[in-house]
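A.B. asks: Residue-level listing of the chains:
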Amino acid sequence: GSSSSSSSKGDTVDSELVSKGKLTVGLEGTYAPYSYRANGKLTGFEVDLSKAIAKKLGLTADFKPTKWDSLIQGVGSGRFDISLNNITETPERAKAYSFSTPYVYSRYVLITKKGNKDITKIADIKGKKTADATGSDNEALAKKFGATVVPSQEFTTSLQLVKDGRADATINAVSAWSTYAKTEDTSAWTATEIPSSDVPAAKIAALLNKKSTALTKAVNKAIKELREDGTLTKLSKQYFNADITEDK
Amino acid sequence: MVQQIFNEYLPNMIKAGLQYTIPIAVVSFILGLILALLVALARISQLGGAFKIVKGISSFYVWLFRSTPLLVQLFIVYFGLPYLKIAGIFPDGIKLDPVVAGIITFSLNTGAYCSETIRAAILSIPTGQWEAAFAIGMKRSLVLRRIILPQALRTAVPPLSNSFIGLVKDTSLAASITLVEMFQVSQQYAGENYQPLMMYSLVALLYAVICTILTWLQSYLEKVTSKHITAGEGGAN
Amino acid sequence: MVQQIFNEYLPNMIKAGLQYTIPIAVVSFILGLILALLVALARISQLGGAFKIVKGISSFYVWLFRSTPLLVQLFIVYFGLPYLKIAGIFPDGIKLDPVVAGIITFSLNTGAYCSETIRAAILSIPTGQWEAAFAIGMKRSLVLRRIILPQALRTAVPPLSNSFIGLVKDTSLAASITLVEMFQVSQQYAGENYQPLMMYSLVALLYAVICTILTWLQSYLEKVTSKHITAGEGGAN
Amino acid sequence: MLKLSHVNKTFGETPVLKDLSTEFPEQQTTVVLGPSGSGKSTMLRSLNLLERPESGIYDCDDLQIDFAKPITSKTTLEVRQRTEMVFQSFNLFPHFSVLQNVIEGPVHVLHQSKDAATKEALTLLDSVGLLDKADAYPVELSGGQSQRVAIARSLAMHPQYILLDEPTSALDPELELEVLKVLLAIHDQNQSMIIVTHNMAFAQRVANKILFIENGDALYDGPTDGFFHSTNDRIKSFIDSMTFSI
Amino acid sequence: MLKLSHVNKTFGETPVLKDLSTEFPEQQTTVVLGPSGSGKSTMLRSLNLLERPESGIYDCDDLQIDFAKPITSKTTLEVRQRTEMVFQSFNLFPHFSVLQNVIEGPVHVLHQSKDAATKEALTLLDSVGLLDKADAYPVELSGGQSQRVAIARSLAMHPQYILLDEPTSALDPELELEVLKVLLAIHDQNQSMIIVTHNMAFAQRVANKILFIENGDALYDGPTDGFFHSTNDRIKSFIDSMTFSI
Ligand SMILES: Nc1ncnc2c1ncn2[C@@H]1O[C@H](COP(=O)(O)OP(=O)(O)OP(=O)(O)O)[C@@H](O)[C@H]1O
Ligand SMILES: Nc1ncnc2c1ncn2[C@@H]1O[C@H](COP(=O)(O)OP(=O)(O)OP(=O)(O)O)[C@@H](O)[C@H]1O
Ligand SMILES: [Mg+2]
Ligand SMILES: [Mg+2]
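Residue numbers (our numbering), protein chains in the order written: chain A, 8 to 255; chain B, 33 to 269; chain C, 33 to 269; chain D, 319 to 564; chain E, 319 to 564.
What the hints contain is simulated information worked out from the structure, not anything from laboratory work.
We put the CB at the ideal spot given by N, CA and C, even for glycine.
A few of these clues could be false.
[Claimed, not checked] Taking CB as the label site, the calculated pair distances span:
no., chain 1, residue 1, chain 2, residue 2, range
1, A, K124, C, K117, 51 to 61 angstroms
2, B, L174, C, S251, 31 to 41 angstroms
3, D, T328, B, L249, 45 to 55 angstroms
4, B, S173, C, P43, 44 to 54 angstroms
5, B, L253, A, K128, 37 to 47 angstroms
6, B, S173, D, H476, 18 to 28 angstroms
7, E, D543, C, S251, 28 to 38 angstroms
8, B, L249, C, S251, 45 to 55 angstroms
9, E, D453, B, S258, 17 to 27 angstroms
10, C, L237, A, D236, 47 to 57 angstroms
11, D, N526, E, L395, 53 to 63 angstroms
12, E, D543, B, L174, 38 to 48 angstroms
13, E, S559, D, S559, 38 to 48 angstroms
14, E, D379, C, T244, 53 to 63 angstroms
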């Protein structure tokens, strides 16, 4: 009967894993500092975090770099156990997927072309064009504030669009911007952090399959332990130069 | 969900299709065909001298656009040309509107493929047709215009139609240069509802409908244009 | 930067090309060709009865894969098939390895296009060849194998080569099913060094090199295979 | 002996063979004459089952075929082994050399050994004067040479009957001559042949029997002399037009 | 009058025309005979500048062309308006109706009005017996009909000379006859013609002059009677082989 099949499933973490002994992680691998390629190797905050979570679960992390749509669908189709890709929890997404407890509270930055006096705060983007990645919460936010979204595939493209005057502004995570600013020339833009009074920080969490109840629990426990033993803060400082793991 | 598909997802995808996918494909194909014709004519031309440079450029163009991915071509035209700053003419680089950039790139791309098709079609017309036209005193340009091209274009209908169908599907890459065409709309919905598989399948359905209609049109066009033409010359038993 | 291009970017892109792009393209093309041949034969077959179902399936397959975007096909095979749970056989759905899923999809896709090419090539062989073979008492299958296919495949070399070149470029879509092929590597570098335009151009260069080599191979192959064949039947003046 | 009785064949609405009955004596050469479109090719192709008439009986020695009934593929193959067709447009296999063209049937249909087939093929090529072209490809041959290869190819199958459909009408007169000479030699060896031709001089020289078809039916079916001295107006005007006297 | 003097033409390494000199009298029919590959077509095509010999002089009435020098396109067009070519394979324009085929040159090259051209075209089609086919397309015509349209097409250009390269060798004898009759009628109107043919009976009937080419040179160049009663062995054996007497 149906009752036996539903109760026998998802009892243990092991039975929920895509492949035995491994935590299969979906991510883009093209998004610094969360996950990116340095010296030919996959690295980044979420890469290290995944490894740490896997270790707590007694597993090794197996990374599957892919496109944005694919890392969502990968969890849904049971190809990945979990996806970590700066994903924001929203009520709509929670209908289809489980989310772990947040591991980062991401604040937003509003970036405009240097000298743009029209846009100084998030409310100013109403009726303006913003460049944001399709499906991202940056896009959702821009729409919420009445902007027309120019879809772009990645952060550098968005910056390029603003610089070229093809969009008036772009919204992104403070973390992504500061990483960019570390190595690149930013003199073409003005960046304004959006205060939490205007927009609360986004809860960044891992995406899991709704069926993976045991795994979700185990991941939550691992994140809690990593937070308590200071690993989370250490990684945050290493990659973001700040502790953004608490909702301040 | 089912309700949303019919009330929201499909209507908006179709809207994007009518607004971007189809107009861009149609305009690019027309421009591409004109370009293809000119390039094909340049490449089969027997003019020498300075015209050899035109021929060389034509061959290079065809090679370039056939041997690099379309996505890269789009990217370079849209994001690369702004770097091309020419003092006096383009002091700020060439910044094209995405629709314009898309149409230019798609035209250039499909033009390269179609020029090969048209060239092959012209070369497939039996030399007897050229000679018969020369014999009644026609000049090369007149022979081409009145005798060869009308026949060649008929031969070229099936492969050109295939190129057009391919182009319709390729417009999905226009998302990378900020155009919200059909495929991009499906991705936007996937970003909201986290159901990419479902959204992709919906948009695939729309592509299939468009392509099927185009295939019908193709058979119709083939039938109409080849009405009086069979293999080679008619009448020889 | 220049140093990095030669020490890091290009070598790693080439590595990805040798590891994924080329093997996947080659294997898929071989499988696709076999499939294309079977489908073409099924569609031109004159068998009736239950075989009509095979013909119907073949036509449907060709239609389906030619009229939907390849990206969607990849997505459905990799992410969609796991939903296909068949009690007893696939209780957990069909979960294919990404390389396998890629090869299957690319084979099916290129097979659909190539089957049309092969079918047209078979139909282009003059009926006289069939009749001459029938007249010496050959059975249909023997005629196909010894007389028609060898000639048809030669006619088909140019369009098949084009399909193969197209396939090489299309493998760039495999990134959506977690295969880090050449194009994806260029995007990874772009995510790190914030130079997408440059990275795309580099990878375009590699594609251009591959395609150019393949084009040379094609002309060579054409020359070799059509050595004894000219238009239609030789010898008639 | 080959024999057709009451054979009917239509293409679409057009009747092409109308209740045609005739026979083709063994070890003799039957020449089929008639205006264009009268049904000569259709009849000849029916003998090799390349066309399927709708009704009528076809006797092929001990084998009897009723065209009104389905024909098994075994019967078809049997008939095709007893009859060989030589086409106006030669239809050599362009991807095979001359020798390969000739041994294709013996090796792959009659299952002879390749060596034996090659040996015989070379003898046959010699007899049509093309031994030196054994390794050439069809594209390198003139029309006359191509047709002689096609004749050798059909002889290699040791058919009871060779059927030839205007074997020389694609050829220039001088090339025609070389093919006709070969056919005469085969005729002199008492090989059964059925030849459709427009060459009256050749017909008169080679035929043991003339079959004159008009409008899908036999208007004349008898000895050669009788035909060329016929008093029938239609036959006389046909012979006149064929020998060009305006 | 057309006149060739010391014309040489090679294809690759092979000399095809060797110091050929001859002339083609006006208002007469010159028949060109010779074995296959002797250079007949090459010579005829040179008269219409479809081939360009390497050296020699070509006089076309007042116009003189030195083949060793470049030929302006103006001269080319001039020569092509004085001479019209009729091809063995007809080369009708398949996408035009019969009438359109005939008026194509008059309208687009001679810039006649469409009405005037149509009127004359219908007269010409009538004279070749094809008035009822004016609106048909080439694919619907028999070979003989196609060739008659091609002849009408060339007549519509009012050329000084009509050049015909084996106009009937793609046709069955009965269809050949209908074309030859049309040519005879044109001959009787004193139209200057140059005809390459293999039909000896027709050659004898129509020729005012015979040009026999062998190996790229004129072996005989003179009156018709002299040719058919020549004592030259080569000519005698050629005539024999053409009339099939094994
Ligand atoms: N496959 C076909 N489909 C339709 N009609 C055909 C077909 N083959 C032959 N016919 C018609 O059948 C009639 C007889 O044709 P057939 O080829 O037997 O004549 P033929 O006597 O051989 O003529 P020819 O001397 O021109 O070769 C013609 O009217 C022809 O148009
Ligand atoms: N375009 C060409 N390229 C190379 N060789 C050619 C070409 N055209 C003709 N030839 C050669 O030139 C020679 C003369 O050819 P031509 O066609 O003038 O002969 P012909 O007298 O008309 O013969 P036929 O009676 O067979 O028509 C032949 O050996 C032929 O192979
Ligand atoms: Mg016939
Ligand atoms: Mg010739």
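A.B. asks: Hint by hint, note whether the structure agrees.
C.D. replies: Here is what the structure says about each hint:
1. A:K124 - C:K117: 51 to 61 angstroms: At roughly 59 angstroms between Cβ atoms, K117 (chain C) and K124 (chain A) fall inside 51 to 61 angstroms, so the hint holds.
2. B:L174 - C:S251: 31 to 41 angstroms: holds (33 angstroms)
3. D:T328 - B:L249: 45 to 55 angstroms: With a Cβ separation near 36 angstroms, T328 (chain D) and L249 (chain B) fall outside 45 to 55 angstroms, so the hint is violated.
4. B:S173 - C:P43: 44 to 54 angstroms: holds (52 angstroms)
5. B:L253 - A:K128: 37 to 47 angstroms: The hinted range 37 to 47 angstroms is violated for L253 (chain B) and K128 (chain A), with Cβ atoms some 57 angstroms apart.
6. B:S173 - D:H476: 18 to 28 angstroms: Distance hint for S173 (chain B), H476 (chain D) is violated at roughly 60 angstroms.
7. E:D543 - C:S251: 28 to 38 angstroms: Given a distance of about 58 angstroms, which is not inside 28 to 38 angstroms, the answer is violated.
8. B:L249 - C:S251: 45 to 55 angstroms: Hint violated: Cβ distance 34 angstroms, outside 45 to 55 angstroms.
9. E:D453 - B:S258: 17 to 27 angstroms: 19 angstroms Cβ-Cβ, so the 17 to 27 angstroms window holds.
10. C:L237 - A:D236: 47 to 57 angstroms: Holds, since L237 (chain C) and D236 (chain A) (Cβ atoms, about 48 angstroms apart) stay within the stated range.
11. D:N526 - E:L395: 53 to 63 angstroms: Check passed, 59 angstroms falls within 53 to 63 angstroms.
12. E:D543 - B:L174: 38 to 48 angstroms: At 45 angstroms between Cβs, range holds.
13. E:S559 - D:S559: 38 to 48 angstroms: For S559 (chain E) and S559 (chain D) the Cβ distance comes to about 23 angstroms; the hint is violated.
14. E:D379 - C:T244: 53 to 63 angstroms: Once the Cβ atoms are compared, 55 angstroms apart, the range 53 to 63 angstroms for T244 (chain C) and D379 (chain E) holds.
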